[in-house]
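Sequences and hints are given; from them, build the entire structure.
Line order of the protein sequences matches chains A and B.
Quick note, the first sequence lines up with residues 2 to 640 if you use the working numbering.
Quick note, the second sequence lines up with residues -9 to 116 if you use the working numbering.
A few of these clues could be false.
What the hints assert, rightly or not - What follows is a list of derived Cβ distance ranges for each label pair: (1) B:47 <-> A:373: 48 to 56 Å; (2) B:2 <-> A:548: 43 to 51 Å; (3) B:86 <-> A:582: 43 to 51 Å; (4) A:313 <-> B:2: 18 to 26 Å; (5) A:231 <-> B:2: 51 to 59 Å; (6) A:594 <-> B:86: 30 to 38 Å.
What the hints assert, rightly or not - No more than 20 Å apart at the CA atoms, straight line, and that leaves these computed lysine to aspartate or glutamate pairs for EDC-like: (7) B:85 <-> A:636; (8) A:629 <-> B:101; (9) B:8 <-> A:305.
Calculated directly from the structure, the hints in this document are not laboratory data.
Note that CB positions come from ideal geometry on N, CA and C, so glycine has one too.
Listed here are the chains, written in short residue letters.
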Amino acid sequence: MKKNLKISGDDDYLRSIVKEKDISDQIINHSRSMISIINRDYIYEKVNTTFCEAHKVVFDTIIGKSLVEVWGDETFHKVIKSNIDLCFSGKTVRYEASFDTPNLGKRYFEVVFRPLSVETGEITHLLAETLDINDLVRSKQAIIKKEEELRQFESKLPIGFLRCDPDGKILSANKAFHKIMDCHDDVSFASMNLKSFYPEEGLFEMQYDQLLDSETKSFGRVTLKNCNGEEIPCRISGFLAVDESGNPSFIDFAFEDSSRELMLENRLLEAQKLETIGALAGGIAHDFNNILATISGYSEMLQEDLNSDSSVSEKVSKIQGAVLKAQSITNQMLTFSRQIEQEKIQISISEVLRETIGFVKSAIPSNIIVKSRIPSKDAIVFADPTQLFRIFLNLMTNAIQSMEKSGGTLSVNMVVVEGKLVKHELNKDIVADEYALLTFKDTGEGMNPSLIRRIFEPFYTTREVGKGTGLGLSVIHGIIKELEGEILVSSKIEKGSVFYVYLPLVKSYPDSSGKKDSMKKIVFITGNKYESRILSLALENTGYELIYISDRRNLIKVMACSAERPDLVIYMSDSKQINPEELTGIFRRFNVNTPCILITDPSQEVLEEKLLNSRIVKQHLIKPVSLKEIRNAIDISLR
Amino acid sequence: MPGVLIVEDDKGLREMLKISLVRRKFTVIEAGNGKEAITHFKPSITDLVVTDLIMPEEDGLKVIIKLKELKPSIKIIAISGGGKAGPGSYLNLAKALGANAIYSKPFSISDLIAKIEELLEYEQQT
Chain A
2 MKKNLKISGD DDYLRSIVKE KDISDQIINH SRSMISIINR DYIYEKVNTT
52 FCEAHKVVFD TIIGKSLVEV WGDETFHKVI KSNIDLCFSG KTVRYEASFD
102 TPNLGKRYFE VVFRPLSVET GEITHLLAET LDINDLVRSK QAIIKKEEEL
152 RQFESKLPIG FLRCDPDGKI LSANKAFHKI MDCHDDVSFA SMNLKSFYPE
202 EGLFEMQYDQ LLDSETKSFG RVTLKNCNGE EIPCRISGFL AVDESGNPSF
252 IDFAFEDSSR ELMLENRLLE AQKLETIGAL AGGIAHDFNN ILATISGYSE
302 MLQEDLNSDS SVSEKVSKIQ GAVLKAQSIT NQMLTFSRQI EQEKIQISIS
352 EVLRETIGFV KSAIPSNIIV KSRIPSKDAI VFADPTQLFR IFLNLMTNAI
402 QSMEKSGGTL SVNMVVVEGK LVKHELNKDI VADEYALLTF KDTGEGMNPS
452 LIRRIFEPFY TTREVGKGTG LGLSVIHGII KELEGEILVS SKIEKGSVFY
502 VYLPLVKSYP DSSGKKDSMK KIVFITGNKY ESRILSLALE NTGYELIYIS
552 DRRNLIKVMA CSAERPDLVI YMSDSKQINP EELTGIFRRF NVNTPCILIT
602 DPSQEVLEEK LLNSRIVKQH LIKPVSLKEI RNAIDISLR
Chain B
-9 MPGVLIVEDD KGLREMLKIS LVRRKFTVIE AGNGKEAITH FKPSITDLVV
41 TDLIMPEEDG LKVIIKLKEL KPSIKIIAIS GGGKAGPGSY LNLAKALGAN
91 AIYSKPFSIS DLIAKIEELL EYEQQT
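Right under this line is the structure:
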């Protein structure tokens, strides 16, 4: 600072002034701020000791130097110059910036430029005061960072955070809470009370009392009511904050949506229940089979004792027919409890699905449309084709029945999905690489939730008493579980239902190097090409040559010449073209002794009695038949 | 007369099997469970065993193993009607253990008797 002191002759006065100057110099030099005086040419005219220390220079080297030299061209033009120019226009300028100092490195400074004017009012210099605020800035930055982290933690985690006063009045809530409660982001919780989300009165107060005792507490699962009044199961924990005098000031709550957890728990429970029923059904089936074996044995003995044309004999046949029907039910029970062994082969799902759709389409009412989307690419499963047919047929039949009254559309779709992507749906730890996902969607009556929960239970049926055993879906559940697959259902009343079937895919196709030369010839007589197709899919690659016959003329052609005759005839009783009398007639006419397997529907009985009595039939199977049963029957008949 | 041992815990079914076999002039020995069958087994008069598989005390698989040890030439027919692990797998196990024939309940008694006769090469003298 340059001042022209007027010196008089008074030494004491002079001394005192010099002393005062020393003091102010000391103050200036030891200030924490770097202080300097800069002229209009951006040259340092004066600096204090702090400035010199920061720049590691002595006074002489800095005085007379320009700011460009000291701070560098870039810093001067980018940060300093404009502020200095502003100050020379008469304003006090204050700004924060980081500068490189030789002694301390890059640090944050607060800079104040004050204009200094002479008597005329002209601003000739400015006073620069630069304060090191590095620590302050750094701690401010750290706080901001911490705040940002906290904000992210609060907003990114799927946990609802909420702060309320001891009365439950909501002070703040995060986004996740909005989401869990299904409230629009615009909904302000500020005027709301947490109690309004609670399912019953007094629960909040109870939690508050518990928090008074233990400060933090996990309350377990509570079903809250969301913004739409729907029930949301949540895991709740709370923390009570107190002020300096120990009075409760606010409560922080964390809410975790546990719907999925609950859903999985329910499914596990369902599975366990079905497992128990399965074991029970298996036990019942076992005992029943003993009883049936006894009835069947005695009736066979009785039949032997009787003259075949006695009227009693006919009654005994009826007993035997009833035993067979009962056996088909015990078999289904065993399938539900997964106690029937399925003979599995590698089979294309799309092929079985297409055949089943064809089968269904041939018999649906006109008010129902069947749509399907099935990829042409082969999806191979390791399963019994007749069981697959049963699954598909049953699901489609159910769908059609649900639309019988008002008509509608059945959509059958199939896609191949990656196992790891559907792990959650499958609820399995270990999944196959790929699954076929089949959906059977109807626009029928739909089901209410209490019904959905029970549809896979055996003997549970929505049909009238006597119109089915109620084993259908439970058996399907059993087959799918046996295949390591999964069946799920979603349904809405009056909108319809969707069944999702997941089946694990296998990669390779077996080489079908059948022993062609030793192939046995089997004739299939059936009225329904789709169903016989399923059977043939099942028997392909198993070393038999299959011939399909659906009319009388072709059957005669095959049977007339003994050289052309098949080794076995499989007769499906739905064959309309060839009735049992015609079959027995042809057999007698050409004196055929080819063994015959009869496959009947449990609902037909009159028709096959004659056949059974004709001694042509060596084996009698009742639908649904499994591949294993057919194979066994063929093996026995050809023995 | 060939001797047939029937091992079956269901009394009604055992009785029926017995009657049907006696009609065919077989000598029938009965056992209500596997343990009884093994402890009272008389190799000299038993040519064939018809055994249930799932029974209290010792099960049918044990019967097959044990009786094969006591009389290697014995013929065995296993019958089963399902149970906890399933009739299929049990019957297959029985077959693997040396059962000559297997039947799921309910079975045709004439098939069973035909099988017994075949195994014993027994022609009924009528």
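These are the hints, each one checked on the structure:
1. Between residue 47 of chain B and residue 373 of chain A the beta carbon distance is about 55 Å. The supplied range of 48 to 56 Å therefore holds.
2. One distance hint, 43 to 51 Å for the beta-carbon pair residue 2 of chain B and residue 548 of chain A, holds here, with the actual separation near 44 Å.
3. Look at residue 86 of chain B against residue 582 of chain A: about 45 Å separates their beta carbons, and that is inside 43 to 51 Å.
4. At roughly 22 Å, the beta carbons of residue 313 of chain A and residue 2 of chain B sit within the given window of 18 to 26 Å.
5. Taking 51 to 59 Å as the suggested C-beta distance range, the pair residue 231 of chain A and residue 2 of chain B conforms, at roughly 57 Å.
6. A beta carbon spacing of about 34 Å between residue 594 of chain A and residue 86 of chain B agrees with the range 30 to 38 Å that was offered as a hint.
7. For the hint linking residue 85 of chain B to residue 636 of chain A, the alpha-carbon distance of about 16 Å falls within 20 Å, and the restraint holds.
8. For the given pair, residue 629 of chain A sits about 19 Å from residue 101 of chain B by alpha-carbon distance, which is consistent with the 20 Å threshold.
9. Pair hint residue 8 of chain B plus residue 305 of chain A holds up; C-alpha atoms about 16 Å apart against a cutoff of 20 Å.
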